[in-house]
Amino acid sequence: MKNFLLGLTVGILLVPLSTSAVAQLLSDVETGSWYEPAVVRMQELGILQGYSDGTFKPKKAVTRAELAVVMDRAIQTSCAEAKVSQDSPFNCDNVTQQSDPAAKRDAQRRSDVNTILSSIYQWAIDHQGAIPTGITSVSTEICVNSQSSCVGKVRLDELVGTYVVRIPIDPLSSGIEGSGYFVKVGADSELVTVSAPSAETSDISVTR
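Per this note's numbering, the sequence shown starts with residue 1, numbered consecutively.
Just so you know, these hints were derived from the structure itself, not from any lab.
All of these numbers come straight from a predicted model, not from anything done at the bench.
Fair warning: there could be bad hints in the mix.
[Unchecked claim] For each label pair, taking beta carbons as the anchor points, the in silico distance ranges come out as:
no. : residue 1 : residue 2 : range
1   : D72       : G129      : 39 to 47 Å
2   : D203      : I125      : 23 to 31 Å
3   : S33       : I125      : 43 to 51 Å
Glycine included, C-beta positions come from ideal geometry on N, C-alpha and C.
Make the full structure from the sequences, and use the hints.
Now the structure itself:
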């Protein structure tokens, strides 16, 4: 995991720094070690700040929370320093927009659509390739749960509990009856499409 963390610096190690700064940065980074340049560079850029005791702890496993913080700082740094050229374009639009509420909701929608589609196919694998009853060639909204009346909607109760914890709900949906996500099967009765009509920044529809 620590190796993966250091791998994030490949695109950042562009400017050589004096190794004399190591002692001022993180006390347990060995001078001349293979990871020293990466740690020094990330410390200079503010990506790594070390632990409260001034150490790096190179042999300690990185937690997911720590990795998330480092990746976020690295993204902000690389976007700020990016130089766009015709030969090697660099675009941070799809990264920095995640601070936008609409983009965050669409990120959740993409995750939900894939979750629903995966659960349908897991169910199909266990049922000789058949798809859940109720899914037709007409794109129809998925019902939230078996307690709802769900008139004109598709019930996927058979998926809940085994293939998915619950039916995902669109971030802006009331969730009273409809999930805000739609499903249909192709004319060949094999390819299933799950979509999120309420997507705000781009169309969200996945077919498998």
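Cross-check of the supplied hints:
1. About 42 Å separates the C-beta atoms of D72 and G129, a value consistent with the hinted range of 39 to 47 Å.
2. Checked against the hint of 23 to 31 Å, the pair D203 and I125 passes, with Cβ atoms roughly 28 Å apart.
3. At about 48 Å, the beta-carbon gap between S33 and I125 stays in the expected band of 43 to 51 Å.
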